[in-house]
Amino acid sequence: MSDAEQAGLEVIAVSPDSNVQSQKLADGLRVGYRFVADRDLAVTRSWGLVHPHGGPDGRDVPRPATIVLDREGVVRWFSITRNYQVRPDPADVLRAVRALRTSAALGAAR
Amino acid sequence: MTSARLSALAVLIALGAVAAYALLLRVPLVRNHPEAYVVAFAVATGLAAIAVARARGRRWPAWLALGVCGLLLIGGAWFDFVVARVPVTSSVLRVGERPPDFQLLDASGRPVTLSEYRGRKPVVLVFYRGYW
Chain R
226 MSDAEQAGLE VIAVSPDSNV QSQKLADGLR VGYRFVADRD LAVTRSWGLV
276 HPHGGPDGRD VPRPATIVLD REGVVRWFSI TRNYQVRPDP ADVLRAVRAL
326 RTSAALGAAR
Chain E
9 MTSARLSALA VLIALGAVAA YALLLRVPLV RNHPEAYVVA FAVATGLAAI
59 AVARARGRRW PAWLALGVCG LLLIGGAWFD FVVARVPVTS SVLRVGERPP
109 DFQLLDASGR PVTLSEYRGR KPVVLVFYRG YW
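In the order they appear, the protein sequences are chains R and E. Numbering of the first sequence is given in this note's numbering, commencing with residue 226 and proceeding in unit increments. Numbering of the second sequence is given in this note's numbering, commencing with residue 9 and proceeding in unit increments.
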């Protein structure tokens with residue numbers, strides 16, 4: 226993704242980690258990510274994205290999921306993995322993000 | 009093909025699949041088709057079984073190849089089809105609907121809400137397992 230595309234987009238990464246290390250890594254790489262911590266999985270659970278007993282020692286962990294929200298906070302595309310080795314293809318996420326831009330441009334032109 | 013060569017080929021395919029998957033994990037096509045390594049292990053196990061059937065005299069190399077490939081097949085299939093499966097639960101996500109807002113803290117302790125982006129920017133939200 227180009228810098229220009231990233232400028233108009235926020236990537237928020239949610240995990241039960243404390244994220245201090247993750248944010249250092251992202252800042253070091255100059256990636257526009259905001260890492261937020263859902264320590265007790267309260268938000269993840271309320272969104273129905275918990276994999277029960279999926280972690281070490283039978284702990285609950287998030288189901289890996291990627292969600293594209295438009296400017297109004299409406300879900301336009303999402304993917305929830307059914308096999309934790311598998312993640313959405315970045316090209317698919319990018320296509321969903323570009324589709325937002327196209328529909329926004331059409332909306333403005335109307 | 010002789011039994012010894014078949015045995016070597018079987019082990020090469022099985023270990024090659026392990027190496028290819030590990031080295032190419034960042035390539036979406038490879039990462040998103042973990043069943044490919046199970047197929048490679050199955051092919052290797054089949055070849056090793058043929059090698060055992062063809063073995064004359066020294067049989068242990070073929071049996072060793074069959075053991076290695078067979079264990080990888082069982083382990084790989086168990087991991088891919090059992091361990092890595094994530095049970096399907098009902099999520100709140102619906103295309104065309106607005107999911108509930110949240111407030112969580114970022115690494116510097118600042119609160120982040122979804123609603124702060126409303127009317128400003130699209131958001132790509134990634135839930136990930138973390139590294140514990």
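Derived by calculation from the structure, the hints in this document are not laboratory data. Check before you lean on any hint, since a few could be wrong.
Below, a list of computed lysine to aspartate or glutamate pairs in the EDC-like style, where the Cα atoms sit at most 16 Å apart [stated by the list, open to error]: (1) E:129 <-> R:265; (2) R:249 <-> E:114; (3) E:129 <-> R:297.
Structure-based check of all given hints:
{"no.": "1", "hint": "E:129 <-> R:265", "in the structure": "violated, 28 Å"}
{"no.": "2", "hint": "R:249 <-> E:114", "in the structure": "holds, 12 Å"}
{"no.": "3", "hint": "E:129 <-> R:297", "in the structure": "holds, 8 Å"}
The structure fails to meet hint 1 from the earlier list, while all remaining hints are met.
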